[in-house]
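Protein chains: 2
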Amino acid sequence: MDLSRSLDVIRIVSGKTEKVRDFVVREISLAIGVNKKELVTLQCSPGKLEYLAIGFLLSQDFIKDKKEIKRISLSEKNCCIEIDLKENFPDIGNFSYKGVIGSGCAGGITFLRNANLPGFALPKGEPRYFSRRILGLMKKFQNKSSTFKDTGGVHSCALGNQEDIEVFAEDIGRHNAVDKVFGECFLKDIPTEDKVIFTTGRISSEILIKVAKRKVPIIISRSAPTDLAIDLANNLNITLIGFARGSRINIYTHPYRIIGEE
Amino acid sequence: MDLSRSLDVIRIVSGKTEKVRDFVVREISLAIGVNKKELVTLQCSPGKLEYLAIGFLLSQDFIKDKKEIKRISLSEKNCCIEIDLKENFPDIGNFSYKGVIGSGCAGGITFLRNANLPGFALPKGEPRYFSRRILGLMKKFQNKSSTFKDTGGVHSCALGNQEDIEVFAEDIGRHNAVDKVFGECFLKDIPTEDKVIFTTGRISSEILIKVAKRKVPIIISRSAPTDLAIDLANNLNITLIGFARGSRINIYTHPYRIIGEE
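Top line first, the protein sequences correspond to chains C and Y.
Numbers given in the working numbering equal positions in the first sequence, counted from 1, plus 1164.
Numbers given in the working numbering equal positions in the second sequence, counted from 1, plus 1164.
By construction, these hints were calculated from the structure, which means they are not laboratory data.
Predicted model, so just to flag it, every value in this text is computed and none were measured.
Treat the hints with care, since some could be wrong.
[Said to hold, decoys possible] Chain C regions said to be covered by chain Y (calculated; three or more residues, Cβ under 8 Å):
{"no.": "1", "stretch": "1185-1192"}
{"no.": "2", "stretch": "1367-1375"}
{"no.": "3", "stretch": "1382-1389"}
{"no.": "4", "stretch": "1392-1402"}
{"no.": "5", "stretch": "1406-1415"}
Every residue, glycine too, gets a C-beta built ideally from N, C-alpha and C.
Same shape as in the complex, but just chain C (with noise of 0.2 Å):
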């Protein structure tokens, strides 16, 4: 299924008006089932459904091991998978999205704010990367978005490394496009510890988790963060990069992985 689709708009310029052909980004429903229970459905973009559902069980703790998953099954044309994992799953009846709109999250996240999170936190140091190579490698990141430059409607994000973007996602909500590029890397055994994870979107405390617990040192987005995904970022030792824009980067934490000349 296509991610954007052709509509007619009625399109008013300085008060004269008419009518023209235009793209906008498609929005679907995709029902996720676990162990035969209906789980949650996200509202998000056709395309890589499957590593959508696989991320969002990992950035909600539900899977740790890709032993863990039995079987996949999806039915694009009804917009729903299944998921079959080994362990029996928790009732889902006490499943309360913990971390998407934060429930439950209060007393975690002002922990996470005050503490060091042994066994949660990144060793300081590698990798490094040039400003320039990141800047590069950002650059070649937003051109990928063709359904962007089409429709304006849609959030990317991708997995860098020192050469190229390996992994590259896109999605009408920016916390899915995060998690389509986790769970593709989790389904192809793709490390992601001495990388860099690119992103249009703002950086707030829970797209600052997602990449803590993927391990990932590096996050820089072409937007802003929030003053609690930097205090994060401080305690959990991830260089975060915000502003990217042509050739000028703004780093919030954590600096020493970047080296500005070449």
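Assemble the complex: chain C is given as a structure, and chain Y must be docked to it using the hints.
For chain Y alone, coordinates are given in the frame of chain C:
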């Protein structure tokens, strides 16, 4: 509490490193309790937190009438708000955030896409706005967000009439900004039926449904809509306008409410 905070940032421009003082947007956790039970914690911006909580309850169809509210008690210091409702609130163990990430909404939204939705659809016809007037209000609306100018990290939402912006809110989440505006309208008895909703964020199905529930006939954004939001707006007789920038707008549905030449 301020919506933004200043901190030190390492800026690299064309390979040259400098240390600058910059503003970033604050992110807090607001715990909402209803009738002495914890309902949800939202990640949000400070400010207008009573309106956010009430707007959230409205969006979730938990309240319909102001008389149902006995007491609202905000502790800004502890980032929590207690709301006492007269009627017994449905058991929180069964609450599954329908609509926020679309849980269980697939059927509902498919239904919405294909049906006329009697009782939910707005009357066709009034009000009518000159495109020049709408664009003038849009400009005024966007100029109101000093937090965006400082930090680039918030979305804004406003309710406007033929003359002016009546209600305005900012938040790190585009959903929260909309909920803040409708929460304020609800508590202050500000009619929404013949008004316009202005937003900086993308118009997805969930934003459109919030606007439809408050019976606002026109929504205008500087960003893109999704195809599902357009289908819903079409069925519900809402005028959906996107990409409102400079002297230009795109009208996706029910264009008769917008008059080109003044």
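Right, here's what the structure says about each hint:
| no. | hint | result |
| --- | --- | --- |
| 1 | 1185-1192 | holds (count 6) |
| 2 | 1367-1375 | holds (count 3) |
| 3 | 1382-1389 | holds (count 3) |
| 4 | 1392-1402 | holds (count 3) |
| 5 | 1406-1415 | holds (count 6) |
Comparing the model with each earlier hint shows no violations; every hint is respected.
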